[in-house]
Amino acid sequence: MKVTTTVNGAKQAHDVEPRTLLVQYLREACQLTGTKIGCDTSSCGACTVLYEGESVKSCTMLAAQADGGTITTIEGLAASDGTLHPVQEAFHEHHGLQCGYCTAGMVLAAVGFLQENPTPSEHDVREGLEGNLCRCTGYHNIVKAVLAASEAMQ
Amino acid sequence: MIPAAFDYVLAGSADEAIALVAEHGDDAKLLAGGMSLLPLMKLRLATPSVLIDVGRLHDLSYVRDGGDHVAIGALTRHRDIETNELLAKECGVLRAVAAQVGDNQVRHRGTIGGSVAHGDPASDLPAALVALDATFVARGASGERTIAASDFFVGFLETALGGDELLTEIRVPKAGANGFNYQKFNRRAQDWAIVGAVAATVGGAKRVALVNMGSTPIRATAVEAALASGASFADAAGHAAEGTEPPTDLNASVEYREHLARVLVRRALEGS
Ligand SMILES: Cc1cc2nc3c(=O)[nH]c(=O)nc-3n(C[C@H](O)[C@H](O)[C@H](O)COP(=O)(O)OP(=O)(O)OC[C@H]3O[C@@H](n4cnc5c(N)ncnc54)[C@H](O)[C@@H]3O)c2cc1C
Ligand code: FES
Ligand code: FES
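Top to bottom, those sequences are chains A and B. Residue numbers for the first sequence follow the numbering used here, beginning at 857 and rising by one. Residue numbers for the second sequence follow the numbering used here, beginning at 4 and rising by one.
Hints were generated in silico from the structure; no laboratory data involved. Please note: incorrect hints may appear among the correct ones.
As the list claims (entries may be wrong) - Which chain B residues stay away from chain A? Per the calculated CB distances, all over 12 Å, these: (1) D136; (2) R142; (3) E161; (4) V257.
Said to hold, decoys possible - Derived contacts from chain A toward chain B, CB cut-off under 10 Å, selection only: (5) L877; (6) T897; (7) S911.
We treat Cβ as the ideally placed atom computed from N, Cα and C, and that holds for glycine.
Only chain A is shown next, with the shape it has when bound in the complex (with noise of 0.2 Å):
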């Protein structure tokens, strides 16, 4: 089947088996490798992307499921001039990342919460993260990174 998206503002149209999902969809047939897939079980968050602006885990939705709609990957965070988003700047400010394989996702994820709630307490952060396992960091410095991406983005 024909699945037709938006991703990172650029028109997608491949075709896909409907068994296809998103993540599959976005590394495979968009070619966009940021997205990373870590536990494949719907556990880990590693996969997350925005849909609709909302956050998602694309291991555990079909592409056929996204048809029509928009997407952002990491790859499209950053301004096109290179600026990083807020978000992502406050990650490597600070050291938010070790490995860097749960980051694309921790970062997407941090961009939909911040959506829905722009000024978080720390506890919030914890809540509002708990679908994104990092087996590296230990959780402090991104959590520290999501406050200082929030109170910069205010």
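Given the coordinates of chain A, assemble chain B with the ligands onto it according to the supplied hints.
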């Protein structure tokens, strides 16, 4: 992990979805948010040959004042329940419970109807709906019927919904903005409850229901009876495990779950 191959059909209306289910019978599955079904399909524990996507039936996503009740469309997402203003006023307990389901990503996709139709005793919303004595509206080829919460959940992952029926609406009493509490005990973020206890106040009386204390979500009838005869919250909560048949698994033994039920019911009552 990739699901087994299937044909995908996007339903344009509830009637079309019902006709498609009637046409394809047991080979077909309805897809709402996919938060329960897709993981099962990826593990190939479910292998429908036709997937009927009802996820875009936006006319089944609503929260409305129904006079003596609040009517919630089956396709209403957890996120939309968690943030709904009418529910804040008329049935705050549902908002609080919806906010405890999984994580943000899950709540952006998962629907109350999917949670109910899936019939998992470890799910949060079904227990709240049992406590509230909700009414479920199902529509099939032969028309519409209503099912009481007490008749709806019949076994593990088994409900009173016919294979050819679409759950369309859930009706809850106006239980008000306060007087409730949900205690969800789990060990990992975003996880299902090892045990959960929901307390709500309907028409001045306390209602209590339990998550994961049997093959279905259950009312803690012994607790409610003790409260009705004047027992304190602490004494009434002592009856929380009566009549339950909790599972034993990696997370907890039967005895531990019984203990949790008593403790969590006490906390839920005290917080309600
Ligand atoms: C990581 C993760 C964590 C989770 N944690 C929790 C948790 O803590 N607590 C909790 O309660 N749940 C949890 N869930 C499950 C979540 O609540 C699901 O959203 C919900 O159980 C199913 O809703 P859905 O809309 O996604 O349904 P789907 O997965 O699309 O469907 C589930 C089943 O219901 C049927 N169905 C769906 N809609 C209808 C309808 N209108 N009429 C008839 N049949 C229908 C489908 O055919 C299918 O059999 C979690 C899920 C994930 C992936
Ligand atoms: S890869 Fe999707 S949640 Fe882990
Ligand atoms: S930085 Fe390595 S998993 Fe998060």
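Checklist entry - Of the hints stated earlier, which fail here? => result none
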